[in-house]
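Enquirer: Sequence:
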Amino acid sequence: MDLMWPHLLLLALPCLALVAAAWFLARHRPRGQPVAHGWRLTALPGYRRALRRSLLAGAAALAALGLTTAATLLGLSRPVAVETVEESQERRDVLLCLDASGSMVEANVGIIDAYLEMLDRFEGARIGLMMFNSTSVMAFPLTDDYEMARELLDEARLGFASYGYRGTHYFTATTGGEGGSLVGDGLASCVRGFDRAEEDRSRSIVLATDNDIHDIANEQIFTVPEAARMAAAQDIHVYALGVETFYARGVSMADLQEAAELTGGEFFEPDAGTPERVVERIQAREAGRVDAPPRQTVHDRPGLALGIAAFALPVALVLLWRARL
1 MDLMWPHLLL
11 LALPCLALVA
21 AAWFLARHRP
31 RGQPVAHGWR
41 LTALPGYRRA
51 LRRSLLAGAA
61 ALAALGLTTA
71 ATLLGLSRPV
81 AVETVEESQE
91 RRDVLLCLDA
101 SGSMVEANVG
111 IIDAYLEMLD
121 RFEGARIGLM
131 MFNSTSVMAF
141 PLTDDYEMAR
151 ELLDEARLGF
161 ASYGYRGTHY
171 FTATTGGEGG
181 SLVGDGLASC
191 VRGFDRAEED
201 RSRSIVLATD
211 NDIHDIANEQ
221 IFTVPEAARM
231 AAAQDIHVYA
241 LGVETFYARG
251 VSMADLQEAA
261 ELTGGEFFEP
271 DAGTPERVVE
281 RIQAREAGRV
291 DAPPRQTVHD
301 RPGLALGIAA
311 FALPVALVLL
321 WRARL
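Just so we're aligned, residue 1 is where the sequence shown starts under UniProt numbering, counting upward by one.
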């Protein structure tokens, strides 16, 4: 245990000086007028017992007052426990890549639930979220602030569940051209969403889409295979969730599956066990660890000192009353 303000203990010196002065004055004060035959009174057993009780009560009261003063000064000196925490972080980045097109609005409620479940299972990894339709937008960049990530995912979920009336609505933000659900461009944007390119990190993309690409105006720059090759070139694994929606029944997922496998990832048809399987696949990849500098945390521990003072003071007052001091 350490003291943040140990200099406050010096206040004990004036207290000791006051006690010494009081004792000195008490020793040298006039003793009053002598009484004839007083020894007869002081020799009585009852007198001796009363005197002994008074002296003991006075000594105990002074001891309790001393303990109260010492404990109070100790509490004011702010006793603390200093803990040194050694931290390390995984060199692992996971970017959630979500199709925000109109055909995915209802399905995205369940997809974000799956993302939230994955978030609860990751430990130490940085998480980010990017959404795409005809254009892409970064909902939040890679971060290890899971509380913030959870809040933003909840906002996005509410936006999809309420069709934009509440929460954060990403449909408008990701609509900028005539095309829709441009999966190739969306995946390419997610590939470019990773930072710290100079660091040796495990990087993964969790892509969720119904693969219902609408590119009548031929606006898509990257096809899905081209975006997958970009990811593979940067050692980014793509884990694709092929979502079957009402508006995209019968859409082939073959190119999506091939793209995931090309990067060393995997293709999934979402179900209740998908989040757990995706997290297991991602965590199975080797990821280095970086040792963060030691961090000191300070915890105040005034309870014992103040508790002693709170107990000793009433005891001292009762003893002073009993001793008639």
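Heads up, some of the hints might be wrong.
Restraint ranges, calculated between C-beta atoms of paired labels, are given here [unchecked claim]:
hint, residue 1, residue 2, range
1, Pro141, Glu276, 21 to 29 Å
2, Ala81, Glu261, 40 to 48 Å
3, Glu280, Val109, 21 to 29 Å
4, Asp144, Asp2, 25 to 33 Å
For the record, the hints were derived by calculation from the structure and aren't laboratory data.
By construction, the Cβ of each residue, glycine as well, lies at the ideal position given by its N, Cα and C atoms.
Enquirer: Quick one: which hint numbers does this structure break? Sort them smallest to largest.
Expert: Hint 2 is the one this structure does not satisfy, whereas the remaining hints hold.
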